[in-house]
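Novice: For reference, the chains in residue letters:
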Amino acid sequence: MTTPQANLPLPIGIITISDRAYRGEYEDKGGPGIIAALSELLETPWQPVAIIVPDEQELIENALIDLADHKQCSLILTTGGTGPAIRDITPEATEAVCQKMMPGFGELMRIASLKEVPTAILSRQTAGIRGQSLIINLPGKPSAIRTCLDAVFAAIPYCLDLIGGYRIETNPTFCKSFRPKS
Amino acid sequence: MTTPQANLPLPIGIITISDRAYRGEYEDKGGPGIIAALSELLETPWQPVAIIVPDEQELIENALIDLADHKQCSLILTTGGTGPAIRDITPEATEAVCQKMMPGFGELMRIASLKEVPTAILSRQTAGIRGQSLIINLPGKPSAIRTCLDAVFAAIPYCLDLIGGYRIETNPTFCKSFRPKS
Amino acid sequence: MTTPQANLPLPIGIITISDRAYRGEYEDKGGPGIIAALSELLETPWQPVAIIVPDEQELIENALIDLADHKQCSLILTTGGTGPAIRDITPEATEAVCQKMMPGFGELMRIASLKEVPTAILSRQTAGIRGQSLIINLPGKPSAIRTCLDAVFAAIPYCLDLIGGYRIETNPTFCKSFRPKS
Numbered sequence: 009m010t011t012p013q014a015n016l017p018l019p020i021g022i023i024t025i026s027d028r029a030y031r032g033e034y035e036d037k038g039g040p041g042i043i044a045a046l047s048e049l050l051e052t053p054w055q056p057v058a059i060i061v062p063d064e065q066e067l068i069e070n071a072l073i074d075l076a077d078h079k080q081c082s083l084i085l086t087t088g089g090t091g092p093a094i095r096d097i098t099p100e101a102t103e104a105v106c107q108k109m110m111p112g113f114g115e116l117m118r119i120a121s122l123k124e125v126p127t128a129i130l131s132r133q134t135a136g137i138r139g140q141s142l143i144i145n146l147p148g149k150p151s152a153i154r155t156c157l158d159a160v161f162a163a164i165p166y167c168l169d170l171i172g173g174y175r176i177e178t179n180p181t182f183c184k185s186f187r188p189k190s
Numbered sequence: 009m010t011t012p013q014a015n016l017p018l019p020i021g022i023i024t025i026s027d028r029a030y031r032g033e034y035e036d037k038g039g040p041g042i043i044a045a046l047s048e049l050l051e052t053p054w055q056p057v058a059i060i061v062p063d064e065q066e067l068i069e070n071a072l073i074d075l076a077d078h079k080q081c082s083l084i085l086t087t088g089g090t091g092p093a094i095r096d097i098t099p100e101a102t103e104a105v106c107q108k109m110m111p112g113f114g115e116l117m118r119i120a121s122l123k124e125v126p127t128a129i130l131s132r133q134t135a136g137i138r139g140q141s142l143i144i145n146l147p148g149k150p151s152a153i154r155t156c157l158d159a160v161f162a163a164i165p166y167c168l169d170l171i172g173g174y175r176i177e178t179n180p181t182f183c184k185s186f187r188p189k190s
Numbered sequence: 009m010t011t012p013q014a015n016l017p018l019p020i021g022i023i024t025i026s027d028r029a030y031r032g033e034y035e036d037k038g039g040p041g042i043i044a045a046l047s048e049l050l051e052t053p054w055q056p057v058a059i060i061v062p063d064e065q066e067l068i069e070n071a072l073i074d075l076a077d078h079k080q081c082s083l084i085l086t087t088g089g090t091g092p093a094i095r096d097i098t099p100e101a102t103e104a105v106c107q108k109m110m111p112g113f114g115e116l117m118r119i120a121s122l123k124e125v126p127t128a129i130l131s132r133q134t135a136g137i138r139g140q141s142l143i144i145n146l147p148g149k150p151s152a153i154r155t156c157l158d159a160v161f162a163a164i165p166y167c168l169d170l171i172g173g174y175r176i177e178t179n180p181t182f183c184k185s186f187r188p189k190s
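Protein chains in written order, with the numbering used here: chain A, 9 to 190; chain B, 9 to 190; chain C, 9 to 190.
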């Protein structure tokens with residue numbers, strides 16, 4: 009992975025996965041929800057590299073691969089497609105392109121979401137590592153996106169350090185990130 | 009899946025998985041434990057479609073497939089065979105017949121059971137989707153069955169909606185189910 | 009598995025997985041950390057069967073197989089190699105040699121570690137059964153090792169009973185183990 013130029017904002021991949029949003033029948037609320045959350049959580053300058061894809065496994069995989077391998081996105085967040093319905097295929101696409109799965113992210117995001125709705129257990133969201141990129145599945149609804157990001161964000165900067173991704177700093181007003189002393 | 013006739017009670021699959029219960033050396037307590045729990049949790053009229061099978065992966069898979077594909081059971085509950093012993097093979101049989109796994113069910117059922125016994129982590133119980141059916145593994149003991157069903161039942165009606173299964177209503181005295189506004 | 013002689017201390021496998029410790033560039037703290045914890049947690053006489061291997065999947069698998077199949081270790085604990093970095097491959101090696109995975113161990117160890125550091129979700133530690141042996145992945149740092157063992161140890165004696173391993177008793181000052189009445 010080429011390191012982004014030092015004076016440019018870091019690219020963060022944001023993939024909205026929704027048949028209806030892709031066809032324009034439905035306004036994408038997940039992508040803007042992620043952007044709004046990151047605007048508070050991150051102190052390091054960043055820019056979204058956003059794309060909307062339908063619930064098709066091959067298209068989701070292609071988008072993940074492009075952002076990880078060609079667009080220098082050490083952090084890639086998806087929204088949508090994690091439920092039990094037949095078209096919900098985001099976790100399978102994520103697993104297919106990752107070398108390592110990170111079960112702790114999905115577990116903790118479900119525990120955090122359960123405090124809000126009992127249907128949180130229906131989310132199959134997961135996370136994994138592809139090369140020097142961390143991919144995290146988020147729910148479709150903006151309020152649920154924020155709950156999930158708040159639950160796991162403190163661990164993301166150190167995770168990116170460990171996989172050789174770019175260095176990010178969080179905004180301590182919204183998230184106290186943690187880097188253990190080695 | 010053919011929708012059950014409107015005036016008939018909904019069929020719910022109940023599979024007791026136990027070598028000893030199958031051979032008649034041991035009274036099946038898991039199946040009756042599930043029936044007793046559902047009698048309180050469900051308001052919608054229902055009827056059990058119950059079967060006892062030994063701890064043989066192929067026989068468990070056949071029973072799951074029959075209840076899901078031919079017996080119109082949108083909800084299938086198993087009891088037994090989720091531990092670490094060599095004959096405990098229920099989770100593997102479940103995964104083999106499901107198109108999608110639902111990790112949140114097992115995670116939450118273990119967390120709930122841990123409040124009662126520290127050996128709850130030895131349960132490998134899981135859940136998954138086959139077609140328009142939700143399959144959930146439950147423990148063998150009636151008290152543990154109830155703990156697990158109480159933990160996850162509020163999410164089951166909406167899950168069945170999402171996969172195109174039959175519509176069920178819970179008895180609010182025992183379980184407040186939750187259907188998010190779409 | 010041959011049962012160890014009744015008058016000999018039970019062998020417990022301890023594998024330190026670290027490129028730097030293997031090359032002698034780094035003092036192994038994980039292995040001694042496990043030994044210190046077990047010295048308090050166990051009442052049954054035991055002896056460590058300890059080995060240091062680099063982060064190479066085949067070498068980790070060979071060490072696990074040797075301890076399980078030839079060294080009579082019904083309990084095998086690993087330390088290190090569970091993170092997201094490219095060389096961290098311990099969970100994959102563990103899964104490759106196990107017939108059954110035990111997801112409840114990793115889930116609970118992450119929940120317990122989260123009370124100490126938010127980066128606990130980065131640990132991919134898991135557990136599984138090979139034959140009559142229980143294999144559990146632990147973190148690399150001694151303080152995290154103890155947190156994880158304290159979280160799950162009460163369930164280990166009964167797990168070993170269920171898989172036909174040796175019988176161990178815990179020291180009730182440090183751990184109240186639990187064996188359900190069958």
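Since the hints were derived computationally from the structure, they do not count as laboratory data. Treat each hint with caution, since some may be false.
Copies of the same chain are indistinguishable here, so a pair counts whether it falls within one copy or spans any two.
30 Å max Cα-Cα, derived DSBU-like pairs, lysine-lysine [unchecked claim]:
(1) 123 with 79
(2) 184 with 79
(3) 189 with 149
(4) 184 with 37
(5) 37 with 189
(6) 123 with 37
This one's a predicted model, so the numbers in the text were calculated from it and none came from an experiment.
Novice: Using 30 Å as the alpha-carbon threshold, which applies to residue 184 and residue 37: within, between, both, or neither?
Specialist: Both: 26 Å inside a copy, 29 Å across copies.
Novice: For residue 37 vs residue 189, is the C-alpha pair at or below 30 Å within one copy, between two copies, both, or neither?
Specialist: For residue 37 and residue 189, the Cα distance is within 30 Å only across copies (15 Å; inside one copy 38 Å).
Novice: Up to 30 Å between alpha-carbons, please classify residue 184 paired with residue 79: within, between, both or neither.
Specialist: within (27 Å within a copy, 46 Å between copies)
Novice: Between copies, within a copy, both or neither: which fits residue 123 and residue 79 at Cα up to 30 Å?
Specialist: neither (36 Å within a copy, 36 Å between copies)
Novice: How would you classify residue 123 and residue 37 at a CA-CA limit of 30 Å: within, between, both, or neither?
Specialist: within (22 Å within a copy, 33 Å between copies)
Novice: Under a CA distance limit of 30 Å, which applies to residue 189 and residue 149: within one copy, between copies, both, or neither?
Specialist: between (36 Å within a copy, 11 Å between copies)
Hint violations for this structure: number 1 only, all remaining hints satisfied.
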